[in-house]
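S.K.: Now for the letters of each chain:
Protein chains: 2
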Amino acid sequence: MTERVIQYLKDNKEKHLAKLNEFLSIPSVSTDSVHKQDVVEAANFVAAYLEEIGFETVEVQKTKGHPLVFAEWMGAGKDKPTALFYGHYDVQPTDPVELWKSEPFKPEVREGRLYARGSSDDKGQVFMHLAVFEAFMKTEGKLPINIKVCIEGEEEIGSENLYEILKTKKEQFNADFAVISDSGMVAKGQPTILYGLKGFTGLEFTLTGPSSDLHSGIYGGAVRNPAMAMAHLVASLKDENEVVKVAGFYDDVEPMTDEERQLIKEVPGENYTETAGVTETVSEQGYTAKEHTMARPTLEINGMFGGYQGEGTKTIIPSTATVKLTCRLVPGQEPNHIQELLVKHLEKHVLPGVTLNIKREPLSAKAYKVDPNHPLIEKAAVSYEKAFGKEAVYVRMGGSIPVVEWIDSEYKIPVVLLGFGTPEDRLHSPNESFPLDSFEKGMETLVYYYAEATNLE
Amino acid sequence: MTERVIQYLKDNKEKHLAKLNEFLSIPSVSTDSVHKQDVVEAANFVAAYLEEIGFETVEVQKTKGHPLVFAEWMGAGKDKPTALFYGHYDVQPTDPVELWKSEPFKPEVREGRLYARGSSDDKGQVFMHLAVFEAFMKTEGKLPINIKVCIEGEEEIGSENLYEILKTKKEQFNADFAVISDSGMVAKGQPTILYGLKGFTGLEFTLTGPSSDLHSGIYGGAVRNPAMAMAHLVASLKDENEVVKVAGFYDDVEPMTDEERQLIKEVPGENYTETAGVTETVSEQGYTAKEHTMARPTLEINGMFGGYQGEGTKTIIPSTATVKLTCRLVPGQEPNHIQELLVKHLEKHVLPGVTLNIKREPLSAKAYKVDPNHPLIEKAAVSYEKAFGKEAVYVRMGGSIPVVEWIDSEYKIPVVLLGFGTPEDRLHSPNESFPLDSFEKGMETLVYYYAEATNLE
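Read top to bottom, the protein sequences are chains B and V.
By UniProt numbering, the letter at position 432 of the first sequence is numbered 432, and the numbering carries on one by one without gaps.
By UniProt numbering, the letter at position 430 of the second sequence is numbered 430, and the numbering carries on one by one without gaps.
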């Protein structure tokens with residue numbers, strides 16, 4: 001049965017790529033109010049496709065923010081399991097635009113990769129599931145199990161409204177397990193079972209010195225320079241050994257077990273010189289890059305700015321300096337508590353002579369971990385191996401997908417993370433791309449998986 | 001004689017203000033290549049006015065950069081001294097433009113102040129001298145002494161080409177003393193003899209980590225974040241007590257004498273809450289704000305930037321972080337040497353995992369000091385007191401005017417700094433302004449001064 005479905009996908013490859021390009025062309029940047037209408041257009045695209053495929057219920061649900069696309073096909077009956085397929089149709093911003101080789105919303109294939117913002121994160125991967133549903137419906141006239149679809153438009157900005165919806169509409173979204181493709185393999189063509197994700201919290205803070213920029217000759221020596229004060233404040237957050245110095249930050253961190261250290265060792269290392277262009281890796285004292293990215297918390301400055309940025313010289317003491325920072329958390333750490341520790345640290349360490357103003361990032365997530373031996377996880381490994389011809393490795397990822405932890409805590413169902421991205425995809429950066437190899441073998445994997453998931457043992 | 005000249009100025013006040021507004025309307029921003037033609041237009045304005053006034057020689061001299069306006073009137077004869085009047089017609093950039101209440105190049109008078117970029121620094125003050133020359137010529141038919149005029153277009157970007165010109169064309173520019181109005185009084189209406197200026201050096205440096213922005217979840221823990229590395233590097237330059245930590249920075253500084261400490265004490269303090277909007281002053285450990293701004297070297301961050309600056313959150317590790325910094329120097333410190341010390345410090349303290357790239361600011365200046373008891377300085381004090389009705393105070397300023405030190409070292413003539421700005425002028429900032437009181441009483445001061453300077457004792 002799966003062979004016919006897979007053949008359908010092969011026969012319709014060009015058509016599907018053309019449709020995916022349509023999807024990718026919509027600049028659904030959730031963080032930027034300028035693109036509000038584009039986001040709605042992307043939601044409508046997804047809903048229209050689901051209707052075409054034959055889902056019984058298809059709704060574009062209004063939220064306090066961007067719309068949520070919900071659909072369900074319950075035609076497999078009560079004896080078969082129900083899967084909740086989650087994805088997102090919104091994408092990251094594209095700056096700095098001048099570094100893109102082709103336009104971010106004009107998809108282009110180069111050397112076996114599809115280049116566009118969202119090709120990997122997450123439109124390419126969402127589309128794969130929809131194409132697989134279409135393939136089942138067209139060849140078998142039905143899906144192998146019951147499917148509920150939940151595709152939102154706010155994942156890149158923290159899924160703020162989704163949490164409320166998931167919490168209050170349990171009947172609508174309840175299922176036996178969830179499936180998500182919004183992550184990656186450790187290397188192209190290397191099946192990867194993702195059994196853990198990091199949590200997330202953040203904030204933005206500004207130091208204000210003088211009420212406006214000052215002549216640095218006349219006022220240098222009289223006032224505290226907010227850029228210098230900011231340097232001291234930021235440097236106090238993390239030392240040169242990459243150890244976070246915020247009091248209490250590590251208190252609740254679940255320590256790494258020897259078993260975990262071993263699992264991590266078995267994961268092929270990433271060649272950071274190739275993928276990140278760095279000459280050396282730098283990690284928390286006592287941990288390798290693999291260990292730190294997968295299983296230790298982080299604190300990163302995402303943006304830092306104050307004063308003159310233009311051509312040449314401008315001899316001023318800036319009025320303000322601002323920093324945006326985010327932390328990735330591990331099991332044990334509570335996001336709101338960590339955010340409060342950050343606030344306390346900043347208030348304690350800010351130098352006299354400037355005023356501190358903090359904007360707490362309202363969106364957060366706890367870390368997530370599932371038992372790698374769960375039957376549904378094993379079925380995923382088998383499906384991957386069939387499609388890619390290679391045994392799967394088991395990893396915990398440094399990124400966060402907030403909805404995973406919410407589904408875990410609200411629904412108490414396993415979340416199966418079947419990702420097909422690769423380290424070279426350049427998520428969140430210019431020149432994002434997705435390998436066509438992942439697109440094709442990934443859809444095969446999904447065909448096997450949905451067919452296998454007809455029983456939960 | 002001086003009464004008639006002063007009366008002429010009073011009778012022509014409106015006409016002169018209208019002409020000054022014309023001058024101020026030209027956006028002669030020297031640092032920005034976009035305004036290259038405007039800079040030429042401003043040079044031509046000055047030359048045209050000098051011709052109208054009756055200067056014998058008026059030239060707009062091409063340089064490797066912006067034009068230099070030169071003029072001379074030698075009609076006083078060999079028995080009378082020759083003064084070199086120096087000024088600049090270029091202005092600072094206007095960003096952030098949105099903070100201006102009226103447009104920077106549309107002069108407006110509000111509450112006794114003339115608002116426009118350049119009204120104080122330096123067009124308003126240059127214009128005062130030209131109007132005074134016009135007044136002498138129109139009422140007396142001659143100037144009291146020989147005058148050479150040198151008005152350049154690169155002061156705000158370090159006067160790079162002027163130094164070569166002054167060095168090689170000594171016959172053209174030689175005089176008995178120089179007069180400059182490009183500085184301020186310690187308070188509105190308080191005659192101020194400026195007998196010292198600080199020197200200047202600077203550089204820009206960039207730290208590069210990964211070759212492009214990275215997903216902070218996936219790569220956090222594997223690479224050094226250049227923004228964090230920059231915070232550590234900048235914080236290493238100056239401690240929380242405002243002491244510069246660059247090795248050797250203070251080695252050659254001429255220490256403050258007790259006599260100087262006393263002179264400084266007598267200068268009325270600036271109310272920094274009013275003029276700078278700060279709640280407390282912050283200065284080098286062991287020095288007051290007055291002492292530090294006037295007589296100690298400084299190191300200031302003028303701009304610091306890296307990563308995401310837009311709306312909302314962007315979870316990246318930035319590829320780069322950049323800082324622009326400048327230092328003000330005091331007598332004893334040699335600018336190129338200090339610049340080398342800065343470079344050495346940065347190379348020594350940069351954290352592993354990022355690459356350091358330094359752009360040395362080519363423009364620099366030594367500090368300047370003249371004997372406050374020099375006869376020409378005393379004449380300045382007397383002229384001030386006649387016009388303003390108050391005794392003068394003697395100060396050293398935190399700002400730098402590179403040409404002053406060059407004239408001192410190349411021509412060995414006294415430089416008389418007759419400034420009429422006030423602390424509320426907001427030089428280099430939005431809403432720059434110049435008090436009409438300074439404009440009027442300042443021109444009176446100049447009439448007395450040029451009349452007094454007919455002998456050098």
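No lab work stands behind these hints: they were computed from the structure.
Please note that a few of the clues may not be correct.
Because identical chains share one entry, a pair is satisfied inside a single copy or across any pair of copies.
[Said to hold, decoys possible] Below, a list of computed lysine-lysine pairs in the DSS-like style, where the Cα atoms sit at most 30 Å apart: (1) K412 - K80; (2) K106 - K62; (3) K386 - K170; (4) K344 - K78; (5) K265 - K369; (6) K170 - K80; (7) K106 - K36; (8) K359 - K101; (9) K348 - K245; (10) K245 - K359; (11) K36 - K101.
S.K.: Confirm or reject each hint.
M.R.: Going through the hints against the structure:
Proximity of K412 to K80 under the C-alpha cut-off of 30 Å is restricted to the intra-copy arrangement: shortest distance 19 Å within a copy versus 98 Å between copies. Proximity of K106 and K62 under a CA criterion of 30 Å is satisfied intra-copy only: 28 Å inside one chain copy versus 49 Å between copies. Taking the shortest alpha-carbon separations for K386 and K170, neither the intra-copy value of 34 Å nor the inter-copy value of 87 Å comes in at or below 30 Å. For the identical chains of this complex, K344 and K78 are neighbours neither inside a copy (52 Å) nor across copies (74 Å), given an alpha-carbon limit of 30 Å.
In this homomeric assembly, K265 and K369 come within 30 Å of each other (Cα to Cα) only inside a single copy, at 18 Å, whereas the closest approach across copies is 67 Å. Taking CA atoms no more than 30 Å apart as the test, K170 paired with K80 passes inside one copy only; the shortest distance there is 19 Å, against 98 Å between copies. Taking the shortest alpha-carbon separations for K106 and K36, only the intra-copy value of 19 Å comes in at or below 30 Å, while the best inter-copy value is 38 Å. Proximity of K359 to K101 under the C-alpha cut-off of 30 Å is restricted to the inter-copy arrangement: shortest distance 28 Å between copies versus 35 Å within a copy.
Within a single copy, K348 and K245 get their C-alpha atoms as close as 12 Å, and across copies as close as 23 Å, so both meet the 30 Å cut-off. Taking the closest pair of Cα atoms, K245 and K359 come within 30 Å of each other only inside a single copy of the chain (21 Å); across copies the shortest separation is 32 Å, beyond that limit. For a Cα distance limit of 30 Å, the shortest separation of K36 from K101 inside one copy, 26 Å, qualifies, whereas the shortest one across copies, 32 Å, does not.
Comparing the model with each numbered hint stated earlier shows that hints 3 and 4 do not hold.
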